[in-house]
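Enquirer: Here's the letter readout for the chains.
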Amino acid sequence: MNAFLSLVAVLAVMLAAYVGTGVLDAKFLFGTVLPYAAIATFLIGFIYRIVDWAKSPVPFRIPTTCGQQKSLEWIKSDRLDNPHDTIGVIGRMALEVLCFRSLFRDTKMERHEEATVVYGPGLWLWIGALAFHYSFLVVFVRHLRFFTEPVPYVAVLLQRVDGFFQVGVPPVMASNLFLLAALAFLFARRLWSPQLRYISLASDYFPLFLLIGIAGTGVLLRHFVRTDIVNVKEMAMGLVSFKPAIPKGVHWFFFLHLTLVATLIAYFPFSKLMHAGGVFLSPTRNLANNNRMVRHVNPWNAPVKVHTYEEYEDDFRDKMKAAGLPVEKE
Amino acid sequence: MAGAHKFDQVEYYKPEDLLALDYRPPETGWMDTPVDFRPGTWIYPGKPKHLEYLDLANPRQWAPTDENWKLPENWKEIVLAGIKERLEKYRSFKIFMDICVRCGACADKCHFYIGGGDPKNMPVLRAELLRSVYRNDFTTAGKILGRLAGGRELTVPVIKEWFYYFFQCTECRRCSVFCPYGIDTAEITMMARELLNLLGLNVNWVIEPVANCFKTGNHLGIQPHGLKDTLTFFADDIEEVTGIRVDIPMNKKGADFLFVTPSGDFLADPGTYTCMGYMMLFHELGLNYTWSTYASEGGNFGLFTSHEMIKRLNSKIYAEARRLGVKWIMGGECGHMWRVLHQYMDTMNGPADFLEVPTSPITGTRFEHARSTKMIHIVEFTADLIKHGKLKLDPSQNDLLKVTFHDSCNPARAMGILEEPRYVLRNVCNHFNEMPENTIREKTFCCGGGAGLGTDENMEMRLRGGLPRGNAVRHVQQRHGVNRLTAMCAIDRATLTTVCDYWAPGVKVAGIHELVANALVMKGQKERTINLRLEPINEVEEQPICEVEE
Ligand code: HEM
Ligand code: SF4
Ligand code: SF4
Numbered sequence: 392m393n394a395f396l397s398l399v400a401v402l403a404v405m406l407a408a409y410v411g412t413g414v415l416d417a418k419f420l421f422g423t424v425l426p427y428a429a430i431a432t433f434l435i436g437f438i439y440r441i442v443d444w445a446k447s448p449v450p451f452r453i454p455t456t457c458g459q460q461k462s463l464e465w466i467k468s469d470r471l472d473n474p475h476d477t478i479g480v481i482g483r484m485a486l487e488v489l490c491f492r493s494l495f496r497d498t499k500m501e502r503h504e505e506a507t508v509v510y511g512p513g514l515w516l517w518i519g520a521l522a523f524h525y526s527f528l529v530v531f532v533r534h535l536r537f538f539t540e541p542v543p544y545v546a547v548l549l550q551r552v553d554g555f556f557q558v559g560v561p562p563v564m565a566s567n568l569f570l571l572a573a574l575a576f577l578f579a580r581r582l583w584s585p586q587l588r589y590i591s592l593a594s595d596y597f598p599l600f601l602l603i604g605i606a607g608t609g610v611l612l613r614h615f616v617r618t619d620i621v622n623v624k625e626m627a628m629g630l631v632s633f634k635p636a637i638p639k640g641v642h643w644f645f646f647l648h649l650t651l652v653a654t655l656i657a658y659f660p661f662s663k664l665m666h667a668g669g670v671f672l673s674p675t676r677n678l679a680n681n682n683r684m685v686r687h688v689n690p691w692n693a694p695v696k697v698h699t700y701e702e703y704e705d706d707f708r709d710k711m712k713a714a715g716l717p718v719e720k721e
Numbered sequence: 010m011a012g013a014h015k016f017d018q019v020e021y022y023k024p025e026d027l028l029a030l031d032y033r034p035p036e037t038g039w040m041d042t043p044v045d046f047r048p049g050t051w052i053y054p055g056k057p058k059h060l061e062y063l064d065l066a067n068p069r070q071w072a073p074t075d076e077n078w079k080l081p082e083n084w085k086e087i088v089l090a091g092i093k094e095r096l097e098k099y100r101s102f103k104i105f106m107d108i109c110v111r112c113g114a115c116a117d118k119c120h121f122y123i124g125g126g127d128p129k130n131m132p133v134l135r136a137e138l139l140r141s142v143y144r145n146d147f148t149t150a151g152k153i154l155g156r157l158a159g160g161r162e163l164t165v166p167v168i169k170e171w172f173y174y175f176f177q178c179t180e181c182r183r184c185s186v187f188c189p190y191g192i193d194t195a196e197i198t199m200m201a202r203e204l205l206n207l208l209g210l211n212v213n214w215v216i217e218p219v220a221n222c223f224k225t226g227n228h229l230g231i232q233p234h235g236l237k238d239t240l241t242f243f244a245d246d247i248e249e250v251t252g253i254r255v256d257i258p259m260n261k262k263g264a265d266f267l268f269v270t271p272s273g274d275f276l277a278d279p280g281t282y283t284c285m286g287y288m289m290l291f292h293e294l295g296l297n298y299t300w301s302t303y304a305s306e307g308g309n310f311g312l313f314t315s316h317e318m319i320k321r322l323n324s325k326i327y328a329e330a331r332r333l334g335v336k337w338i339m340g341g342e343c344g345h346m347w348r349v350l351h352q353y354m355d356t357m358n359g360p361a362d363f364l365e366v367p368t369s370p371i372t373g374t375r376f377e378h379a380r381s382t383k384m385i386h387i388v389e390f391t392a393d394l395i396k397h398g399k400l401k402l403d404p405s406q407n408d409l410l411k412v413t414f415h416d417s418c419n420p421a422r423a424m425g426i427l428e429e430p431r432y433v434l435r436n437v438c439n440h441f442n443e444m445p446e447n448t449i450r451e452k453t454f455c456c457g458g459g460a461g462l463g464t465d466e467n468m469e470m471r472l473r474g475g476l477p478r479g480n481a482v483r484h485v486q487q488r489h490g491v492n493r494l495t496a497m498c499a500i501d502r503a504t505l506t507t508v509c510d511y512w513a514p515g516v517k518v519a520g521i522h523e524l525v526a527n528a529l530v531m532k533g534q535k536e537r538t539i540n541l542r543l544e545p546i547n548e549v550e551e552q553p554i555c556e557v558e559e
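Chains as they are written, first to last, in our numbering: chain A, 392 to 721; chain B, 10 to 559.
Incorrect hints may have been included.
[Said to hold, decoys possible] Mimicking BS3-like on lysine-lysine, the simulated pairs with C-alpha atoms at most 27 angstroms apart in a straight line are:
(1) A:467 / B:396
(2) B:399 / A:467
(3) B:262 / A:720
(4) A:720 / B:261
[Claimed, not checked] What the simulated footprint calls covered on chain A by chain B, stretch by stretch (three residues with Cβ under 8 angstroms from a Cβ of chain B suffice, anywhere in the stretch; the number is not a length):
(5) 468–482
(6) 655–664
These are calculated hints, taken from the structure and not from any lab test. Glycine included, each C-beta is placed from N, C-alpha and C at the ideal position.
All chains, full assembly: derive it from the sequences and hints.
Expert: Here's what the structure looks like:
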């Protein structure tokens, strides 16, 4: 049901783009207004969310430690999984963000006969997530060739490496295939596993459909619809140089792709996709486990009602004296 | 099930019934599946007198099975205002509410889910119980789209569900290890329990110890003279085993260090043997230390109530160290106690600038890693002693024991004291085997009874939550003949005893310093023939002491 609603929502976006540019001639709306609005929403929204998070203080230092602490000299501490200083924390965060360290730990529970439960490695999510994020990154960087003049060397290089199979004209990009395969996998596991299906909300399927739509229309544009690349580049350059213009000859199908991208960008700050920013602020990961070495200050550390020693002794003085325990007041 | 036994007795539950596990979620969506308060899976509410004593909200007589929970009139406002306040005070809470992608990596990591199969015990869904309300009332998408955006209105049934499931989380942080963003469901549970407390919803197994601790200085409510009697009993037993009379310094001004341990060690076997172990070690080394009756609790059930309550109870430790004029503080073997001492104490009640950096009077080692809090773990202290060859140990005195080690949740995942206990154990016994890799160290499984859940009326959940740990113990029992599970935690020593009796019968539980003391060769001792449990330390005749096969 949640998956279906999300699919409908994505199809509705595509339909709107088709009607707007293929039937009516609202190319200005879809080619200029919408992209600018989306980018503006993204920038403002993203910054707002980060600032909003940052406004809440971190009252306690609560890293989740995943290895040996730094204590006695002769015991080797685990600098990356249980960092005790800033360098260690940077290392830990880099591993998280670049290699998805924690997902790599994943185990899969399996019931064996009788009372046995075993925990084997469960690396599929790690592989799928890495494949998705990195191919997405590559596709993103390759797109720079539309928005820049001269085109940065990375984009050119990636374009070459990516097409190294030399299959087809224009060559098939490996990253596109990886991206689609990874997305298909992420989607399939949500539907396949009864537990995942149970926890998935519409907002878990929606970005997946959007991304599949984006990658799908992208591939179609490259290999089948064959819109005029020169015109697309002209339009993209117009957008980034704030002199928007819609050249003739841009196929309506291109606007499906563009509108889906704009939707993703605008949707980003309001959704779980903000994990991309939030992971950097997660207090269980970005703090050093140096709690006993350096005092952490809580900005709102408020006084609380305590039971003082004097009150305690008043309560128990006679019993203490009878037991021969020293007291402050006789 | 059934028979002559009641739901708070182990015998009531047959393993084959508990193991008839079905991980398939129900037909109805989780927002539409009401909570079922079946006996054995929830805990009695806090008694009004304790709430009154602690100035907590809404003291009254009630039961979770009642239709009417007697909530305050404006309960909804209270909860929503409580959420808002906490979002502003804790970045952790806000981030964890916002960034979960429901990838499910944490789903099969919770011992309650593994042993119970209830989908709301998947950490992600436990968090969603609160997150859905957050989305509905605090996010733009939720305010507009409601249920479509995963939002859900806050109603009385939702509060009931919170009470049930947030008291089915032991705040063990295992899920947090596996989450790609480190989302810590324990932190979310802590927030949820604070919110529940605003309405007077808490459990007696937590609130009674809290009230006791506030008044008497320890969870068990042992009064000063009672503590003295207890320690004197221990000294008698030690004398019987070793022929040596250890001294018991209490509330002593000018001692080098204050020693604080969980009060569980005073009351019940097998924790008591560990406590005797501390006393023997300190006596043998001739240390100038002191116990305190005012700060006679290292544990802190405030951790299972609210941040404010942590601070109220924890304040005694530094206050007493200052009053007695000690130089530094040492803590005994306890799990959640060390979460508080390591991650909260200095921030809440520090700075401890009136103390000195802990330094071992025997080896001269300065414990630089505790230079701010001024508090070290006894196992750190003992590991240092052994490394410097300052203890005379005869590990063969533990030869009847085939030992394994259970990493307690908090020392493992909120501190990282993993090697010290292993080093000590390898030096005090000859037979040591690890449990499977995915069940130890940072991936260790909870005993199933932490965070105030270790009470008998919650027996079904304790046995279910104990299944993963019990399984791993049984594995090494069958493979290596393990008959002793060691743990540095007072709650473990109580709850794992039940878990082992049930899932790995024949394995007994012990603290590290019980084994240290049994191996310790003391100056002027008589020949050791029995251990602290008053059991022979060598095999009598041919009979093995424990059946390995089942
Ligand atoms: C530490 C960094 C990151 C980690 C560990 C991470 C992890 C993940 C995981 C596990 C998923 C899969 C969700 C699923 O099961 O469906 C996911 C999805 C996604 N991530 Fe990331 N991510 C990170 C950073 C980023 C960044 C920097 C972006 C930037 C654009 C991003 C964008 C996305 C998108 C668009 C999806 C797909 C939507 C979805 O599946 O719901 N992520 N991420
Ligand atoms: S592992 Fe983290 S992100 Fe994934 S479902 Fe669990 S809490 Fe959410
Ligand atoms: S903290 Fe422990 S008990 Fe709580 S949800 Fe996570 S794994 Fe389960």
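Enquirer: Indicate, hint by hint, whether the structure satisfies it.
Expert: Evaluated hints:
Note on residue 467 (chain A) and residue 396 (chain B): the hinted pairing holds, with a Cα-Cα distance of about 14 angstroms set against a maximum of 27 angstroms. Distance hint between residue 399 (chain B) and residue 467 (chain A) is fulfilled; the C-alpha atoms sit about 22 angstroms from each other, no more than 27 angstroms. About 14 angstroms separates the Cα atoms of residue 262 (chain B) and residue 720 (chain A), which keeps this hinted pair within 27 angstroms; it holds. Of the supplied pair hints, the one linking residue 720 (chain A) and residue 261 (chain B) holds, its CA atoms being roughly 15 angstroms apart against a limit of 27 angstroms.
Counting residues of the region 468–482 of chain A whose beta carbon lies closer than 8 angstroms to any beta carbon of chain B gives 5, which meets the minimum of three for the stated coverage. Check on the region 655–664 of chain A: 3 of its residues sit with their Cβ under 8 angstroms from a Cβ of chain B, so the three-residue criterion for coverage holds.
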